[in-house]
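J.: The chain contents come next:
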Amino acid sequence: MDLYPFKSVGGMMEPIALQDHLVAIHYIKSVYYKRVTFFEGLPPFQAIDLGAIVAATVSARTPITRMDMYDGEFGQFRLFPLDNIQLRVFLPRGSAKGDLKTIQVPIDPAIVTRNPDLSMTELFVWQDNHPAIEGVNANALAVTSGIVIAMGYRYHTDDPGDPISRQEEQAVNLLRSEAEAEAVRLNRTNQFAKLKDDEVLMLAIKKKMVPCTHIWASGMSAAT
Amino acid sequence: MITDLLKGRRLPGAMVNLAAAGAANATAVYTQSTFAQQLGTKKLRLKKVMWRANAMGVDTWLHIGTGVAGAFVDLIPPTRIFDNLDDTLTEAELPDVEANATITAYPDAIGAGSIDVGVEVEEIG
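Here the protein sequences come in this chain order: U and W. For the record, in the first sequence the residue sitting at position 183 is 183 according to the working numbering, with numbers rising by one throughout. For the record, in the second sequence the residue sitting at position 45 is 45 according to the working numbering, with numbers rising by one throughout.
FYI, nobody ran anything at the bench for these hints, they're computed from the structure. Careful: at least some of the hints might be erroneous.
As the list claims (entries may be wrong) - In silico DSSO-like pairs for lysine-lysine, Cα to Cα no more than 27 Å straight-line:
1) U:K101 <-> W:K42
2) U:K7 <-> U:K101
3) U:K7 <-> W:K7
Unchecked claim - Taking CB as the label site, the calculated pair distances span:
4) W:A71 <-> U:S145: 53 to 59 Å
5) W:G22 <-> U:R114: 39 to 45 Å
6) W:W61 <-> U:R114: 37 to 43 Å
7) W:A109 <-> U:L42: 55 to 61 Å
8) W:I76 <-> U:T113: 21 to 27 Å
9) W:N25 <-> U:L141: 19 to 25 Å
Unchecked claim - Listing some non-contacts, in silico: residues in chain W with all C-beta distances to chain U over 10 Å:
10) D4
11) K7
12) L11
13) A14
14) M50
15) A55
16) D74
17) I76
18) T88
19) L89
20) E93
21) L94
22) D96
23) A109
24) E120
25) E123
Note that this is a predicted model, so its numbers are computed, not measured. Ideal Cβ positions, reconstructed from N, Cα and C, are used throughout, including at glycine.
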């Protein structure tokens with residue numbers, strides 16, 4: 001399936017997964033294998049207002065709780081500052097996004113002309129593990145508000161369960177037949193015989209026998 | 001999709017009152033950010049100039065450029081200012097000049113009054 005993070009086609013945003021797709025959500029050191037049960041669009045909305053920021057000042061690092069998702073849900077967001085401030089994004093609060101060795105790359109207001117579909121700002125929120133944000137007002141004038149606009153998709157997920165597609169059934173059957181052949185060859189018990197279909201499917205996902213989109217829902221910063 | 005990567009954001013500077021004449025008194029009308037925590041320096045394109053002369057008693061020239069005193073350099077030709085009148089230069093009348101420094105302005109003479117100046121720039125970067 002030709003879906004991946006930061007995808008940009010004709011200036012539009014695309015969902016990272018569709019209904020019934022398998023996803024692997026990475027949050028810090030955990031990986032959650034899930035199946036998308038449904039998803040819906042989130043039109044542009046005000047994610048946060050950092051409030052007034054005086055000239056040449058950085059706002060406090062502020063959690064964007066409006067990006068919190070329900071249990072078992074993840075969000076795919078793109079964002080930009082409506083006011084004349086640069087944004088430093090942290091996901092979660094202690095982990096910088098866009099972190100290079102010497103600088104943390106911010107989201108500049110000019111992103112709307114450089115990268116109009118905002119693909120480079122894409123981030124993922126797993127359940128209520130929201131990002132935090134700092135507003136950098138570098139100007140000689142104060143800004144009276146620090147509004148951040150976000151948009152994207154909301155995905156409801158469940159455990160992968162039993163195979164539902166022809167490809168998933170074939171992968172499970174292949175793993176079972178290989179295990180059976182191995183058991184006969186070595187004259188030992190077939191361990192796969194005890195496994196249920198959903199357990200074998202999980203092995204098939206981890207062996208990359210079926211399509212599964214990997215999603216990083218946290219920063220990967222070394223410095224926290 | 002075609003994107004103009006040299007397009008900037010239109011921003012107004014603060015309204016500035018020029019109360020002293022001469023390049024030595026050139027005053028910032030749009031301040032380029034030198035804030036260390038901003039990533040990248042933004043160049044400035046002059047897009048609009050508005051002014052009003054307040055009871056100077058003389059007509060004069062208004063200089064808009066960069067720097068102060070001996071370091072002042074005109075960005076556009078000096079503009080004639082008539083006392084007690086206001087006027088505007090818009091994008092169509094302005095050359096597409098860029099400044100990589102704070103934009104400053106000063107009048108050649110000020111008489112007994114002052115000049116209010118406001119500019120609009122396009123920040124690129």
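J.: Each hint: holds or not?
T.: Hint check results:
1. For the proposed pair K101 (chain U) and K42 (chain W), the alpha carbon gap of about 23 Å is at most 27 Å, so the pair holds.
2. Annotation: proposed proximity of K7 (chain U) to K101 (chain U) holds, straight-line Cα distance about 25 Å (limit 27 Å).
3. Straight-line distance between C-alpha atoms of K7 (chain U) and K7 (chain W) comes to about 24 Å, which keeps the hinted pair within the 27 Å bound.
4. Distance hint check: the CB atoms of A71 (chain W) and S145 (chain U) are about 36 Å apart, inconsistent with the given range 53 to 59 Å.
5. The hinted window of 39 to 45 Å between G22 (chain W) and R114 (chain U) holds, with their beta carbons roughly 41 Å apart.
6. The hinted range of 37 to 43 Å is satisfied by W61 (chain W) and R114 (chain U), whose Cβ atoms lie roughly 38 Å apart.
7. For the hinted restraint 55 to 61 Å between A109 (chain W) and L42 (chain U), the CB-CB distance of approximately 59 Å keeps it satisfied.
8. The beta-carbon spacing between I76 (chain W) and T113 (chain U), approximately 25 Å, falls within the hinted interval of 21 to 27 Å.
9. Between N25 (chain W) and L141 (chain U) the C-beta distance comes to about 22 Å, which sits within the given range of 19 to 25 Å.
10. The beta carbon of D4 (chain W) is not kept farther than 10 Å from every beta carbon of chain U, the shortest such distance being approximately 6 Å.
11. Not every C-beta of chain U lies more than 10 Å from that of K7 (chain W), the closest at about 5 Å, which undercuts listing it as non-interface.
12. With a cut of 10 Å on Cβ distances, L11 (chain W) falls inside the contact zone with chain U, its closest approach being about 6 Å.
13. Not every beta carbon of chain U lies more than 10 Å from that of A14 (chain W), the smallest distance being close to 6 Å; the non-interface claim is violated.
14. No beta-carbon of chain U comes within 10 Å of the beta-carbon of M50 (chain W); the shortest separation is about 17 Å.
15. With 10 Å as the threshold on Cβ separation, the claim that A55 (chain W) sits away from chain U holds: the shortest Cβ distance comes to roughly 28 Å.
16. At roughly 22 Å, the least C-beta separation between D74 (chain W) and chain U is larger than 10 Å, which holds for a residue marked as non-interface.
17. At roughly 21 Å, the least C-beta separation between I76 (chain W) and chain U is larger than 10 Å, which holds for a residue marked as non-interface.
18. Non-interface status of T88 (chain W) relative to chain U is upheld: no Cβ of that chain comes within 10 Å, the nearest being about 21 Å off.
19. At roughly 22 Å, the least C-beta separation between L89 (chain W) and chain U is larger than 10 Å, which holds for a residue marked as non-interface.
20. Non-interface status of E93 (chain W) relative to chain U is upheld: no Cβ of that chain comes within 10 Å, the nearest being about 24 Å off.
21. Every beta carbon of chain U lies more than 10 Å from that of L94 (chain W), the smallest distance being close to 20 Å; the non-interface claim holds.
22. Every Cβ of chain U is farther than 10 Å from the Cβ of D96 (chain W); the closest lies at roughly 17 Å, confirming the non-interface assignment.
23. Annotated as non-interface, A109 (chain W) keeps its C-beta farther than 10 Å from every C-beta of chain U; the closest such distance is 27 Å.
24. Once the 10 Å rule is applied to beta carbons, E120 (chain W) is consistent with being away from chain U; the minimum gap is 13 Å.
25. A beta-carbon of chain U comes within 10 Å of the beta-carbon of E123 (chain W); the shortest separation is about 8 Å.
This entry does not satisfy hints 4, 10, 11, 12, 13 and 25, going by the numbered hints stated previously.
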